[in-house]
Amino acid sequence: MGWCFRLARTEHYSQRLPAVYWDCSQKGRPFHLFRLLIQYHEPELCSYLDTKKITPDSYALNWLGSLFACYCSIEVTQAIWDGYLQQADPFFIYFLMLIILVNAKEVILTQESDSKEEVIQFLQNTPSSLNIEDIEDLFSLAQYYCSKTPASFRKDNHHLFGSTLLGIKDDDADLSQALCLAISVSEILQANQLQGEGVRFFVVDCRPAEQYNAGHLATAFHLDSDLMLQNPSEFAQSVKSLLEAQKQSIESGSIAGGEHLCFMGSGREEEDMYMNMVLAHFLQKNKEYVSIASGGFMALQQHLADINVDGPENGYGHWIASTSGSRSSINSVDGESPNGSNDRGMKSLVNKMTVALKTKSVNVKEKVISFIENTSTPVDRMSFNLPWPDRSCTERHVSSSDRVGKPYRGVKPVFSIGDEEEYDTDEIDSSSMSDDDRKEVVNIQTWINKPDVKHHFPCKEVKESGHMFPSHLLVTATHMYCLREIVSRKGLAYIQSRQALNSVVKITSKKNILNSLPSSMEIAVLQE
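All letters in the sequence shown, in the order written, are residues 1 to 528 by UniProt numbering.
Each statement offered as a hint is correct.
Restricting the straight-line Cα-Cα distance to at most 30 Å, the calculated cross-link-like pairs of lysine-lysine (DSSO-like) are:
# : residue 1 : residue 2
1 : 53        : 287
2 : 52        : 105
3 : 116       : 52
4 : 155       : 53
5 : 285       : 155
6 : 52        : 463
7 : 450       : 53
8 : 490       : 116
These are computed hints drawn from the structure, not numbers from a lab.
Construct the entire structure; sequences and hints are all you get.
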């Protein structure tokens, strides 16, 4: 005998469904988040789909909107719904969709000659191949990928569920322009204190050396992002050393070790432009588990202040360290760290690796590995009340002493030029634009068809925050213009910048920068 209870529709769904997806539509936020999840776990697949200009909403709209009911049999759909409801996690649907993609990855990557429409059609119908026998494996794999995903993926995106985005800032919700997943500093601190399984981060501090030396997360590895343009060969060596140090720290069980690379900047947009280029470099290499520390070191300081890091019962004080003394030595101080000698050794390890990279020696890699095996020397422990480095040190990249060998100074716009489907991530600085430039709206096609336009290049503008905007670079006989598309007004664009060609002093190809798109280039102009 069975029992059946009648409930109002709203009461039934409020009790049973984990969530209602907000903005489940073309170009909706849930699909921008899904792309970031694909990029985090399967960067090669994500890169392939990006190259084809295939966005998740083009194939997964009905996956999410119907919870696979549009493509699966009734029996399979009921099994999926039953398992999904038992999870009581609205985000779990993302991992089910991810596993379906991963399962079809090999077939997808072999469809190089297929048209965009053919690939989309194949992707849309992928769930239809599921059988009832596949459901157990589907959920097991989804749970595995879920366990390998930072908690910030859920915590920072709960605004995607429900009927409103009330109280959410546009910048926070604009996932379409994000370079990669953002991780909260609180999760970074907590994750590396966990024992056993779980997401652990290998933090890469990309701030200038002066700021890093003044104060940094004790477990952070320093990588000077300025080297990417100033000295590509040294940057390549530093990256190799970084990856080797990450591997060795994991094998040695150091609390600084972690599979997941998390890049940390200063938190100031104007200072993090090169860090975003480093991020793009790793993403182009199809490196999995790449993320960025939300808010950078500034957010870390604020978080530690909020939790009263200097309180007697707080365990976070030892996470802030400084590298004092000369570049080739580290001064030790007396006193015990809350975690004893092992913690001091961990901090010594990270700081020693940083010093090794600054020596610019051809044996950097060997030195870094040797430091992994010797972690007994402590470093300075600092109070949280760190003085911010002098502003002049953050501007050092425009001084003559720091731009050795460069025939220009005060680099202003840097544009990335590619074909219609390839975009790079160089920085565009709009600080010199006039108010008229910012407000002037033009028709894109009209400008492209102007008789004096010699060349037109589709490109993307990359802001210091890492946000990307579809743009167009137009070159005439005398000037170069950058038009940024207005998303809400199709066919129209703002004039972001206009530069006289006689101010262009250097055009360089990025072929010498590892794994950069071969068709990309940089255009540097003099400040007026």
